[in-house]
Amino acid sequence: MAKNLEFKVRTESLDSLLPKLSDLKASHRGIIHQVDTYFQNPKGRLKLRETERSDDGWLIYYERPNELESRYSIYQLCQITEPEALKELLTAALGVKTIVKKQRSLWMYNHTRIHLDTVDELGEFVELETVFQGQSETDAIEEHQLVKTTLDLDSAEPIAVSYSELPKQ
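Residue numbers for the sequence shown follow the numbering used here, beginning at 69 and rising by one.
Zero decoy hints are in this set.
Just the calculated beta-carbon pair ranges, DEER-fashion: (1) Glu131 x Gly98: 27 to 33 Å; (2) Asp188 x Glu156: 20 to 26 Å; (3) Thr217 x Leu174: 16 to 22 Å; (4) Asp123 x Pro235: 31 to 37 Å; (5) Leu86 x Thr149: 33 to 39 Å; (6) Gly202 x Lys236: 38 to 44 Å; (7) Ser223 x Glu156: 40 to 46 Å; (8) Ser223 x Met69: 30 to 36 Å; (9) Gln147 x Ile209: 28 to 34 Å.
Computed list of lysine-lysine pairs in DSS-like fashion (alpha-carbon distance at most 27 Å, straight line): (10) Lys236 x Lys169; (11) Lys88 x Lys170; (12) Lys169 x Lys111; (13) Lys165 x Lys111; (14) Lys236 x Lys170; (15) Lys155 x Lys170; (16) Lys93 x Lys71; (17) Lys216 x Lys93; (18) Lys216 x Lys170; (19) Lys111 x Lys170; (20) Lys155 x Lys236; (21) Lys155 x Lys111.
For the record, the hints were derived by calculation from the structure and aren't laboratory data.
Predicted, not measured: the structure shown is a model, and the values here were computed from it.
Don't be surprised by glycine CBs; every beta carbon is placed ideally from N, CA and C.
All chains, please: the whole structure from these sequences, using the hints.
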């Protein structure tokens with residue numbers, strides 16, 4: 069399975085991060101509207117991610133501890149060409165836990181995905197995912213910490229859980 073280092077915080081203003089992203093020289097990759105359907109699952113988390121392209125989706129399984137600090141996540145991805153049919157099947161087999169809708173502004177800095185998320189009924193968040201792709205663990209941790217520090221995320225409210233487990237506002 070693939071591995072990354074993750075960190076998530078609640079923020080009062082995503083716009084306030086734009087100058088810091090510029091300082092970091094992160095590249096903006098676009099705005100994505102996502103609907104994540106989380107399924108009941110005996111182990112880890114299982115979700116089907118759909119985007120505005122109705123013929124494209126991702127089945128995502130991941131295991132990650134609920135910790136306030138940066139934490140490791142292991143995951144598997146599978147691209148889905150018929151997400152609606154798979155959602156019906158998984159709903160019948162497992163049952164739906166919850167549905168999370170969000171607008172994600174995706175930024176990249178080397179191996180780190182920076183997500184500026186506006187999540188329906190939950191608020192605004194920043195999520196970092198430093199993906200392990202051939203670099204050493206030390207290099208990955210240093211990059212992750214550099215992004216956290218540059219964006220001043222240590223001063224924000226950390227979130228230990230998935231969006232699927234946060235109480236709606």
